[in-house]
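Those protein sequence lines, which keep their order, are chains A and B.
The numbering of the first sequence is the numbering used here, which starts it at 1 and goes up by one.
The numbering of the second sequence is the numbering used here, which starts it at 1 and goes up by one.
Quick caveat, the hints were computed from the structure, so don't treat them as lab data.
One should not assume that every hint holds.
Heads up, the list lumps identical chains together, so a pair's fine if it works in one copy or across two of them.
Claimed, not checked - Simulated pairs of lysine to aspartate or glutamate, DMTMM-like, Cα-Cα distance not exceeding 25 Å:
#1 LYS142 with GLU130
#2 LYS155 with GLU196
#3 LYS120 with GLU196
#4 LYS112 with ASP26
#5 LYS136 with ASP81
#6 LYS35 with ASP135
#7 LYS76 with GLU128
#8 LYS106 with GLU196
#9 LYS106 with ASP208
#10 LYS106 with ASP51
#11 LYS16 with GLU190
#12 LYS145 with GLU36
#13 LYS155 with GLU190
#14 LYS142 with ASP28
#15 LYS142 with GLU207
#16 LYS145 with GLU209
#17 LYS106 with GLU209
There are 2 protein chains.
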Amino acid sequence: MAGKNISMAVIRRLPKYYRYLGDLLDNDVQRISSKELSEIIGFTASQIRQDLNNFGGFGQQGYGYNIEALHTEIGKILGLDRPYNAILIGAGNLGQAIANYSGFRKAGFEIKGLFDANPKIIGLKIREFEILDSDKIEDFVKENKIDIGILCVPKNGAQELADRLVACGIKGLWNFAPMDLNVPEDIIVENVNLTESLFTLSYLMKEDE
Amino acid sequence: MAGKNISMAVIRRLPKYYRYLGDLLDNDVQRISSKELSEIIGFTASQIRQDLNNFGGFGQQGYGYNIEALHTEIGKILGLDRPYNAILIGAGNLGQAIANYSGFRKAGFEIKGLFDANPKIIGLKIREFEILDSDKIEDFVKENKIDIGILCVPKNGAQELADRLVACGIKGLWNFAPMDLNVPEDIIVENVNLTESLFTLSYLMKEDE
Chain A
1 MAGKNISMAV
11 IRRLPKYYRY
21 LGDLLDNDVQ
31 RISSKELSEI
41 IGFTASQIRQ
51 DLNNFGGFGQ
61 QGYGYNIEAL
71 HTEIGKILGL
81 DRPYNAILIG
91 AGNLGQAIAN
101 YSGFRKAGFE
111 IKGLFDANPK
121 IIGLKIREFE
131 ILDSDKIEDF
141 VKENKIDIGI
151 LCVPKNGAQE
161 LADRLVACGI
171 KGLWNFAPMD
181 LNVPEDIIVE
191 NVNLTESLFT
201 LSYLMKEDE
Chain B
1 MAGKNISMAV
11 IRRLPKYYRY
21 LGDLLDNDVQ
31 RISSKELSEI
41 IGFTASQIRQ
51 DLNNFGGFGQ
61 QGYGYNIEAL
71 HTEIGKILGL
81 DRPYNAILIG
91 AGNLGQAIAN
101 YSGFRKAGFE
111 IKGLFDANPK
121 IIGLKIREFE
131 ILDSDKIEDF
141 VKENKIDIGI
151 LCVPKNGAQE
161 LADRLVACGI
171 KGLWNFAPMD
181 LNVPEDIIVE
191 NVNLTESLFT
201 LSYLMKEDE
């Protein structure tokens, strides 16, 4: 598989390349040199050449990179050309913000259902979705071939939900609960830990004084 | 300063130590060995000893680490013992989720005001705060000694807001807009880029197939 030998450090940089190349395409730019890309994206030109060499010959000496070919290839490596079905659990403010987030479709993700355990909000509509009772997660996952669970729940209860999702066949978790989940090795977990981000900001502010 | 010579890689791990040590304290655990900590936190015991050696002698051979002393010290290094005043701009779902987020006070951050440019929500109350007109940001920052701006706005307009905040003396930005901000070197920016996180999840899912 194309991406198999690419290091995780490079992979973590790919979304940034993808985003900047997409912006350039939106502005009808067709070719760019590693030097010009370096000025926009902030990595060194040699870092960029090294990273992009990982997936073939899109750069031509003296002509720069073909932006569209590179954008498409990085999209493929990131798996953005494949559709994934997701459900979102925890339809509070954060969950609603995520459900309304337009970036999903661009990334090939489709939210198929929203769930919450709070009787006060079960039945409410967010965009095209009615908030469903968390009791119905298992049936819904099986009937709708759900790949990914998005956890927008507090720390308490997050592990139990993760266990339930894994038990009914989910393959990946996008976890906003401020904790590390214990899951089998073949389950993918991507954490968004706001507390850790805030602590890092605090540290950098302190050092900057 | 205590933290000056600690590498950024170690700093990025400190919030995780801080969080786990806090959980242990909540459960009245007083001492822990690097081996036990390793089983909980997932780093190797030797990594843990190396990391924690960076800030002094809290581990005693055969006794393990004094959890409370270590927790306090890491909190100091992270600057969590200092208060920072913040304003939040963009009071949509994401902004409201962040404003309601209880982790702020624990991290020594206090949100002093919420702002939005949308006349439909200006004047609404979120927790104890009335949503104020974005036009009033400059006066508010000066009157309330605001250190940090939290940007929960879309891509369009984020740079302009960042420029305004920097011009009126803000020192740090917690940026949720899906773009990199151009700011002077002495301004701290911590990005939470949900799109990049989602792309990483997509990549890992694809590789796992």
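Hint check results:
1. In this assembly of identical chains, LYS142 and GLU130 lie within 25 Å of each other by CA distance solely inside one copy; the values are 18 Å within and 44 Å between copies.
2. Taking the shortest Cα distances, LYS155 and GLU196 sit within 25 Å of each other both inside one copy (14 Å) and across copies (23 Å).
3. Proximity of LYS120 to GLU196 under the C-alpha cut-off of 25 Å is found in neither arrangement, the shortest distances being 31 Å within a copy and 33 Å between copies.
4. Within a single copy, LYS112 and ASP26 get their C-alpha atoms no closer than 29 Å, and across copies no closer than 38 Å, so neither meets the 25 Å cut-off.
5. Taking the shortest Cα distances, LYS136 and ASP81 never come within 25 Å of each other, neither inside one copy (30 Å) nor across copies (44 Å).
6. For the identical chains of this complex, LYS35 and ASP135 are neighbours neither inside a copy (54 Å) nor across copies (39 Å), given an alpha-carbon limit of 25 Å.
7. Proximity of LYS76 and GLU128 under a CA criterion of 25 Å is satisfied in neither setting, with 29 Å inside one chain copy and 46 Å between copies.
8. In this assembly of identical chains, the alpha carbons of LYS106 and GLU196 lie at most 25 Å apart only when taken from different copies (12 Å versus 27 Å within one copy).
9. In this assembly of identical chains, LYS106 and ASP208 lie within 25 Å of each other by CA distance solely across copies; the values are 21 Å between and 37 Å within a copy.
10. Within a single copy, LYS106 and ASP51 get their C-alpha atoms as close as 23 Å, which meets the 25 Å cut-off; across copies the closest is 39 Å, which misses it.
11. In this assembly of identical chains, LYS16 and GLU190 lie within 25 Å of each other by CA distance both inside one copy and across copies; the values are 17 Å within and 15 Å between.
12. Taking the shortest alpha-carbon separations for LYS145 and GLU36, neither the intra-copy value of 43 Å nor the inter-copy value of 39 Å comes in at or below 25 Å.
13. In this assembly of identical chains, LYS155 and GLU190 lie within 25 Å of each other by CA distance both inside one copy and across copies; the values are 16 Å within and 23 Å between.
14. Taking identical chains as interchangeable, the C-alpha atoms of LYS142 and ASP28 are never at most 25 Å apart, the minima being 43 Å within one chain and 42 Å between chains.
15. In this assembly of identical chains, the alpha carbons of LYS142 and GLU207 lie at most 25 Å apart only when taken from different copies (23 Å versus 50 Å within one copy).
16. Proximity of LYS145 to GLU209 under the C-alpha cut-off of 25 Å is restricted to the inter-copy arrangement: shortest distance 15 Å between copies versus 52 Å within a copy.
17. Proximity of LYS106 and GLU209 under a CA criterion of 25 Å is satisfied inter-copy only: 21 Å between copies versus 40 Å inside one chain copy.
Consistency note: the structure conflicts with the earlier hints numbered 3, 4, 5, 6, 7, 12 and 14.
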